[in-house]
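**Student:** Sequence:
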Amino acid sequence: MRTPKHLQNPNYKRQRIGQPAPSRVRPPNDRTVFVDNTVSLWAWPSRGGLIVLENATALDFSFLQLDPVNPPMTRDQDQEVEDKFCQKLLLLGARWFDSRDRYGFVANVFDDEDPELQALEGESEPALTLAERRWVSVGWPSGDEGGFWVVEYDRPGYGMLQPKNLVPSEAAQVFLARTMDEKCKILQSLGAKYYQSLEKYDGAACLNAWNDKESGEVGPLVKH
2 MRTPKHLQNP NYKRQRIGQP APSRVRPPND RTVFVDNTVS LWAWPSRGGL IVLENATALD
62 FSFLQLDPVN PPMTRDQDQE VEDKFCQKLL LLGARWFDSR DRYGFVANVF DDEDPELQAL
122 EGESEPALTL AERRWVSVGW PSGDEGGFWV VEYDRPGYGM LQPKNLVPSE AAQVFLARTM
182 DEKCKILQSL GAKYYQSLEK YDGAACLNAW NDKESGEVGP LVKH
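Numbering-wise (the numbering used here), the sequence shown opens with residue 2 and increments by one.
No false leads were mixed into what you were given.
Only pairs whose alpha carbons sit at most 27 Å apart, straight line, appear in this in silico DSSO-like list of lysine-lysine:
(1) K85 with K194
(2) K89 with K224
(3) K165 with K186
(4) K186 with K201
(5) K89 with K194
(6) K201 with K214
(7) K89 with K214
(8) K201 with K85
(9) K201 with K89
(10) K165 with K201
(11) K85 with K224
(12) K194 with K165
(13) K194 with K214
(14) K186 with K89
(15) K224 with K214
(16) K214 with K85
Just so you know, the hints here were simulated from the structure itself, not pulled from any lab data.
Make the full structure from the sequences, and use the hints.
**Tutor:** Now the structure itself:
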């Protein structure tokens, strides 16, 4: 099934049937990406693939020690430094895609673009995995107790895997948080789960993927 009309983004301008979707292919060195009036942060791990944090907020920039007035537009040329940034981005709930092409495909599926939906319906492209679909928000409290809070939902759209666990409208409140402690409180109100350490995390997102991820979700990790 395609995304029900009441769950579609009314502000997104879809292409007519038969027309290709707008290209999401960008240079393999982007960091801060502005798309559809939102801000995304991209990172390029040495193992391959593309790590993306969509809807990045000022609080995310603060956590990552980035300047929101002069945001970095390109990746770090030092791969060791870039890998460290990748790890920090994962801590905020970023998704790790097999390649930038796969990320563009997944993004177009959620925008109900006809060519991508036809590819899924015709099984010429692999179905989206739970990790690719995941909407994740993470809070890191400032106290001495450590640990973190995380809430996870499936995203509305073609091939929903958890139709009873879709992102609620109240989830947008996390974007209002001014501090991590405020974010943690908001996440708790959404039913977030607390983990004492990354080693304890057992969700479907990529928070601790850096430790053992060697292959992609549907294919190899592509080095760019």
